[in-house]
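Residue numbers (this note's numbering), protein chains in the order written: chain A, 1 to 576; chain B, 1 to 195; chain C, 1 to 351; chain D, 1 to 200.
Rather than coming from a laboratory, the hints here were simulated on the basis of the structure. Any given hint might turn out to be false.
Unchecked claim - Cross-link-like lysine to aspartate or glutamate pairs, in silico, EDC-like; alpha carbons within 20 Å at most:
id, chain 1, residue 1, chain 2, residue 2
1, D, Lys164, A, Asp461
2, A, Lys423, D, Glu76
3, A, Lys417, D, Glu181
4, D, Lys163, D, Glu146
5, B, Lys34, A, Glu422
6, A, Lys170, A, Asp118
7, A, Lys468, D, Glu76
8, A, Lys488, A, Glu499
9, A, Lys322, A, Glu336
Note that the structure is a prediction, hence the values are computed from the model and not measured.
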Amino acid sequence: MSVSQQLQGIWPFPGGIKLDGKKSLSCQTVINHAELPRELEIPLSQHIGHPAEAVVKVGDSVKKGQLIGHAKGFVSAPVHASSSGIVTAIEERLVPHPSGLPALCVIIDTDGYDHWYDCTALIAKNDAEHNGLNALSAEQITGKVAEAGIVGLGGALYPSAAKLQTARKKDSDTLIINAAECEPYITCDDALMRNRPEEIILGILLIKKVVGAERCLIGIEDNKPEAWQALLDTIQGYQRASHEHDKQSIEIIQVPTRYPAGGEKQLIQVLTGREVPSQGLPMDIGIICHNITTAAAVYQAVYRGEPLVSRIVTITGGAIKKPQNMEVAIGTSIREVLDQAGWHKERVDKIIMGGPMMGFALPSIDVPVTKATNCILVSEPGELPTPPPAMPCIRCARCADSCPMSLLPQQMYWYAKARELEKVQDYNIFDCIECGCCSYSCPSNIPLVQYFRYAKNEIWDDERERNKANLARERHEFRQERLEKAKKAKQEAARLRKEKLAKKKAEDKKNAAAAKDGGSKSDNKPASSHADLIAEAIARSKAKKAQQQALKKNTENLTEAQQKQVNEANERRKKS
Amino acid sequence: MSEYFLLLISTIFVNNFVLVKFLGLCPFMGSSRKLEVAAGMALATTFVLTLSSASSYLANQYILIPLDIEYLRTITFILVIAAVVNFTEMVVHKTSPMLYQVLGMFLPLITTNCAVLGVALLNVQTGYNFFESIIFGFGAAVGFSMVMVLFASIRERLASADVPEIFQGAPIALITAGLMSIAFLGFTGLDKGLH
Amino acid sequence: MFVAQSSPFLKPALSVSKMMLVVTLALIPGIITSTWVFGFGVLVNIVLAIIFALGFEALMLYLRKRPIKVYLNDKSALLTAVLLGLALPPLAPWWLTLVGIFFAIVIAKHLYGGLGYNPFNPAMAAYAILLISFPAEMTTLWPSPSMLAGHESVNFLQTLNFQLFNQLPPSVTLDAISYATPLDVVRTSVINGLASISEIEETGKTFGMLGGLGTEWVNLAFLAGGLFLLKKGVIQWHIPLSLLATLGFFSLLFGSFELDSNPSPLFQLFSGATMLGAFFIATDPVTAATTPKGRIIYGAGIGLLIYIIRTWGGYPDAIAFSVLIMNMCVPMLDYYTQPRVYGHNDRDQQP
Amino acid sequence: MLWGILALIALAAFFGLLLGLAAIVFKVESSPVVEQIDALLPQTQCGQCSFAGCRPYAEAIAAGEAPINLCPPGGEKTVQALADLLDVDVLPLEEDEVLEGPVVAVIIEDTCIGCTLCIQACPVDAIVGAAKQMHTVIESECTGCELCVAPCPVDCIEMIPVKKTISNWRWPEPQYDVNNEQAANIFTTIEKVLAESTHP
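Take the sequences, apply the hints, and build the full model.
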């Protein structure tokens, strides 16, 4: 760590790798607009958390920006129609996900008019310059962000409104805007910054107001001088126009280009020297981090009232005729996007969504662009070659040297391979950010990241199974107890009955004796036997009740969801 | 003072009980599959070795020699050691259930650990005094513990190695012990050299 | 289900095979210098070792039903062979090399699962076994260095004839062409109090300018090769630096009390196989410690052990034993020297 | 000779006394090994081990009356964990057929006559319903033990595999390495990616 770096407010992070950026491929000033497709396929889950719930029916006609799926729960985000048309289906379709499994989507047949739904802005743009920002309350802004379905567009996909609310409660003092864009090939943030610096800065001011942060740092890698200049000019222009005390409120800092400088944890470390605690959030150390694209989306929601219905996607790679950045309506099929950009079909080797370090290979190109789609990388043979088969680990520790989290991938791999999951956890696997530096630097070509994903999944599964087993044990023990109780109740009833019987016999005897003695009270016997019969019946019914109680009990103690399931089942039965 | 230090160095490294004298191989092989178990075993052995070294010296010096019954030495030492081990087991069981659980069935194994009897008999043979006996016992125990823990850590690594099937388990462990023993031969002559 | 290659998709051109090859290439200056100093025996050793090593490697891969071509191509057996060939006395008979390579490749490497799984450095394990089993052959077959006054040597064919068939030309005796290595002389004479450093120096047979006569040049060549590896980034600085620094420090510390009975730090650094050990043997990735702190302790441990065994122990050079002893400690070192993970407090760390 | 015998007896008596005292002073209750074993079992209560539930099986293992390889739902994992806990050798699992992933019971609602027999069979009360009313399996509670299948008089209970979705999808373990080059064919081909997909 050199002193000069310290003075500039830059701290180093360990590990990391130098990569060939390949950004010049797609880096141009213009952002092209993709044509509207004939059919939009909008997944209901484009975020972390609960999937949205469809609020439209097949046959409904929708307009651009109209709500088609509402958020379900705190950590969830709504989904909007990205053009006008008619809902033709709500069904499971392939979505961009490494599994290649389908998920629920709303299919819209577009009408080509691209009519906007009635969208009201909270504030006009020229108001901001006249300090209209102060007229807005934080709740208003958060509400609008939630309504617009904005999620973390840097790749985390965490609903932004939820994040803002939590950050507001936690009194964050620093807002960090991530403009590093450290992955090779991707330039969508770069293009956005060059084209719409004003939107970004106004969006940042909105976020800053909500979280109440005193300072705001924009971290940008030093390989994007034009974007940096554009933002700097805008900030300075804004500061000249605004009040004295607002000056110095946004700082833009160039960070050295080294992958993964744009990782949230790494950027925080580089800009502030602070570390996010393990298993914790940036908010725990008073920091909230948002992506630059998210800031632009916040601007659009507040100043124009437009929900998140499109995003900028980098189309790049050796097999693309004209690599470029394109603004694409969410739900557009990737095949159509590629067709528009122009591609050499016969030269395609791999199709990756996201960057080459953290993206995933698409299972099919008939999947829609989603809020997460920042880049579609279509490589030609030799560009991103499939590595030769993995050799055994030679423990050279290059992975450990390149790990930005200071983990020991060689040890985690060793134990993950042997399925010693506890040991893997001892080596802090859950601090792994899956940046891919270790796999990249491995001379044995071991797919370390996949091993770690696998191990994490296994650990989660084990935990879930353990929880399930505990629940099953509890329920089993409860059942045993209940059966025990029922048995006891039965025995008790039987005992009572026996006692009664014995009593009755004794009485009978007595009566018989009395009858013998008296002989005149002969009508006594039927009456008493009648009373006994009634007592017997009562005891029987009691026993039965106890038994039934036992049976009924299993429908008690149900959770709401289970009760619902039962009710639904009963209803179905009534219908049939 | 330096005499004692040399004795300690010599018993730990140069004449390591396991790798050079090949004593106490049973627990060395038996309870070194897991590091925690090995560490527990090593601790318990250290305790027992030092204690039995001292108590057997006392038994020899104040019971066997005065009564002129040295021919009963072996059986007496076994008695003393067995009692010390049992006592240790009870104490560990009560004070550290965790350790007891880790050691499991291996604690009683210390009774039959030939290193323990070996130390007691070697003490008498070489004519060490009381302090020397204790240091000898302690040094032997430290040497044992050290190689035991190292061996266990290597075996843990080997557990997931691609060892040919017929060499998995005990065979490769014995080969490893052999290579460790060869490495320890590097200390040969160190005691004389330092002298 | 769809199964795709997992990210990342970018790969650099580095591979195990390339790493091993670069290390082997970096040994070439040392090999040339060794040949110049000690004669053709060095080359014969290396060539024999390579032939035996590839043979055993292929045999073991065949027996273990592993892909022979891929693993032979990883060049780890080649490197092991070159290292052992360099470590053996240059007049070693062929069967010594054969036995050594058998231990290195079959016992120390493949019984543990081959590449990447061996806890002990194969070349050094083999060297130690040979040293214990054949002490005479391992110590007396060092030819006198070419710079020794009155140096007598044999040509290539004569060397080959001796190594393969144990036959010397009638006019030459073994005593005439062999010599006691500087480290051996220092150990047997100085440490046993038979002679002082200055007395030995007067003979002019042992000391060169920096270290041992002859071996100093070999060490310099290995140092150059090692620096090349460091520059290439194939090895990290931790192990060689801490090893050499520790060895130098202790020889300085103890040497400064009794100058005449303790060889100088430079002699320690530039004699025997110090540089070969520091840059090429101790840095073997498979058997060395992997954490930064662990590497430093590992290197320092080897340096200290080299000094202890050379000075007070029973063997003149101690690279093999020191490396093997520290190999034993590697799993523990790796466990106890884990770096502080991002976002963890110091006390969160493993004990 | 006499002294020897006497001395030995005296020593033995001394140590005997010492140990006896220690046994009283350092008395410890028995270790809860049954609990630990029970914690490792999958709690399906399926009875495939021939014991009446997981806990009885755990007790049997602890008592040394049952081998550790009788639990098919737990699979190899459980056998391994038990072997580690008890420090015994891993035994191959005793089972007739290998289960393909987790399953849950589902009641075919049209056929169910509401006899409550399955409710009585379910060891974890995962089936709800009352007499003459249709029953339903609570999916989240079902352990897939299959105990309800046999008692059903109208065969209306089916075991179906849990549906694979994006949320329960897991990254597979990497298989492709130099010792297993055939595993390369698990990689999808670019032709499949480019092919026009028919919607599922």
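Would you check the hint for Lys163 (chain D) and Glu146 (chain D), treating anything up to 20 Å between C-alpha atoms as holding?
-> 18 Å, holds
Given the proposed pairing of Lys170 (chain A) with Asp118 (chain A), does the C-alpha separation stay at or below 20 Å?
-> Roughly 35 Å between the alpha carbons, so the hint for Lys170 (chain A) and Asp118 (chain A) is violated.
Is the straight-line distance between the alpha-carbon of Lys488 (chain A) and that of Glu499 (chain A) 20 Å or less?
-> 16 Å, holds
Are Lys34 (chain B) and Glu422 (chain A) close enough, with their CA atoms no more than 20 Å apart?
-> Measuring from Cα to Cα gives roughly 14 Å; hence the hint holds.
Hinted pair Lys417 (chain A) and Glu181 (chain D), Cα distance within 20 Å | 17 Å, holds
Going straight from one Cα to the other, do Lys468 (chain A) and Glu76 (chain D) come out at no more than 20 Å?
-> 18 Å, holds
Taking 20 Å as the top limit, are the C-alpha atoms of Lys164 (chain D) and Asp461 (chain A) close enough?
-> With a Cα-Cα distance of about 14 Å, the restraint between Lys164 (chain D) and Asp461 (chain A) holds, given a limit of 20 Å.
Pair hint outcome, Lys322 (chain A) versus Glu336 (chain A) [Cα-Cα no greater than 20 Å] | Distance ~15 Å between Lys322 (chain A) and Glu336 (chain A) Cα, so the pair holds.
Pairwise hint evaluation, Glu76 (chain D) against Lys423 (chain A), where the allowed Cα distance is 20 Å at most | 19 Å, holds
When each numbered hint is compared with the structure, a violation occurs for hint 6 only.
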